[in-house]
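Participant: Numbering (the UniProt record's numbering), first residue to last: 1 to 342.
Hints in this document: simulated from the structure, not taken from any laboratory.
Errors might be hidden in some of the hints.
DSS-like cross-link-like pairs, simulated, lysine-lysine; straight-line CA separation at most 30 angstroms [claimed, not checked]:
| hint | residue 1 | residue 2 |
| --- | --- | --- |
| 1 | LYS89 | LYS65 |
| 2 | LYS177 | LYS236 |
| 3 | LYS89 | LYS36 |
| 4 | LYS230 | LYS337 |
| 5 | LYS52 | LYS92 |
| 6 | LYS36 | LYS65 |
| 7 | LYS337 | LYS202 |
| 8 | LYS65 | LYS52 |
| 9 | LYS322 | LYS243 |
| 10 | LYS230 | LYS177 |
| 11 | LYS36 | LYS92 |
| 12 | LYS230 | LYS202 |
| 13 | LYS52 | LYS36 |
| 14 | LYS177 | LYS243 |
| 15 | LYS236 | LYS322 |
| 16 | LYS330 | LYS202 |
| 17 | LYS337 | LYS243 |
| 18 | LYS65 | LYS92 |
| 19 | LYS322 | LYS337 |
| 20 | LYS202 | LYS177 |
| 21 | LYS230 | LYS330 |
| 22 | LYS337 | LYS177 |
| 23 | LYS322 | LYS202 |
| 24 | LYS230 | LYS243 |
| 25 | LYS202 | LYS243 |
| 26 | LYS52 | LYS89 |
| 27 | LYS330 | LYS243 |
| 28 | LYS337 | LYS236 |
| 29 | LYS202 | LYS236 |
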Amino acid sequence: MLLSPNRRLISEVNMVQQRSPIEFVVTQTDSTYLIKLPSMLTVVEAVAFRTKCRELIEAHPTVTKLILDFVQTTFIDSSAIGALVMCLKATKSRQIEMALWSVRPEILAIFALADLDRQFTIEPGTAPLDPVLIQPAVESTHPSIQSRTKRLIDIAGALVGLTITALVFVPIAIAIKLDSPGSVLFSQTRCGHLGRHFRVWKFRSMVTDAEQLKSQVQNENEGAFFKNAKDPRITKVGQFLRKTSLDELPQFWNVLRGEMSLVGTRPPLPEEVERYEIPNWQRLDVKPGITGEWQVHGRSQIRNFEEVIQLDLRYQQRWSLKYDLQLILKTVAVLLKKGSAF
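Construct the complete structure from the given sequences, taking the supplied hints into account.
Facilitator: Written out as structure tokens, the structure is:
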């Protein structure tokens, strides 16, 4: 188990309940309440903060403003982002103003990475901050994020993948067009590192109005993500593309842009993230990948959302460059096995 603060991961959600309770100092001035946050806001603290925020709002219906004091906070991870987003939604639903005080530049940088810096009202606060550099170093939520070697492997792999994509693009495009009218490529909003939204690219494997027809298809999975083994929206060519994973070739563009990695966690949809509990947000401490634990363990057989969560957290715990290479080799073996079936 990795012990440094930026590598602090919890493989089982139940472990959150085994930790000692976190106490938050709350002060009140008229209808304004201030919650002083701890120095670190990771999964354990985030769960406790979400509970405190909910209890405060429910117990004091006359509250008009909620202030979160970040003066002591030097590190947050994806779990904290999730808790803050939930708290913001709760206050907005009750027309309560929420403001952040004394937010350090390194925390602001994390908000910017998550595209949340404009969603929060940020005020100077009353306590002075320590002098910092103009471009402060942001402590990584996971060692893979700051690994230059991993990034170089991603770039090299993306260039090779895009070369292969260019070679097969024309025949795949012709097959898609002949099978079903519409565009050759399909893009969809997914959530990446720290929940930041990006557009993932694939070869289109469904009919063009697939999103409109989604409500008519039964979800065979348990939990937050959608899957149907015999989804009628998938075209004939799309079935072949999915079985061979050729539909995912355009994602090498996302890898080259730095939005994804060759190996990582499964990139969730925003509506999936909306249904997350706080510990589930740990999945977003790393970049999503084209392949990962869920890919080599039979993604088509996985029907339980919690199983996906555990696979993603296991990847984060076991991560190393060697482990990434092992997963890449296992993925190649899986693809070759699929290819031999045709």
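Participant: Look at each hint and say if it fits the structure.
Facilitator: Taking the hints in turn, this is what the structure says about them:
| no. | hint | in the structure |
| --- | --- | --- |
| 1 | LYS89 <-> LYS65 | holds, 14 angstroms |
| 2 | LYS177 <-> LYS236 | holds, 12 angstroms |
| 3 | LYS89 <-> LYS36 | holds, 19 angstroms |
| 4 | LYS230 <-> LYS337 | holds, 21 angstroms |
| 5 | LYS52 <-> LYS92 | holds, 17 angstroms |
| 6 | LYS36 <-> LYS65 | holds, 14 angstroms |
| 7 | LYS337 <-> LYS202 | holds, 22 angstroms |
| 8 | LYS65 <-> LYS52 | holds, 15 angstroms |
| 9 | LYS322 <-> LYS243 | holds, 27 angstroms |
| 10 | LYS230 <-> LYS177 | holds, 22 angstroms |
| 11 | LYS36 <-> LYS92 | holds, 20 angstroms |
| 12 | LYS230 <-> LYS202 | holds, 20 angstroms |
| 13 | LYS52 <-> LYS36 | holds, 11 angstroms |
| 14 | LYS177 <-> LYS243 | holds, 19 angstroms |
| 15 | LYS236 <-> LYS322 | violated, 38 angstroms |
| 16 | LYS330 <-> LYS202 | holds, 22 angstroms |
| 17 | LYS337 <-> LYS243 | holds, 11 angstroms |
| 18 | LYS65 <-> LYS92 | holds, 11 angstroms |
| 19 | LYS322 <-> LYS337 | holds, 23 angstroms |
| 20 | LYS202 <-> LYS177 | holds, 15 angstroms |
| 21 | LYS230 <-> LYS330 | holds, 26 angstroms |
| 22 | LYS337 <-> LYS177 | holds, 27 angstroms |
| 23 | LYS322 <-> LYS202 | holds, 28 angstroms |
| 24 | LYS230 <-> LYS243 | holds, 13 angstroms |
| 25 | LYS202 <-> LYS243 | holds, 14 angstroms |
| 26 | LYS52 <-> LYS89 | holds, 15 angstroms |
| 27 | LYS330 <-> LYS243 | holds, 16 angstroms |
| 28 | LYS337 <-> LYS236 | holds, 20 angstroms |
| 29 | LYS202 <-> LYS236 | holds, 16 angstroms |
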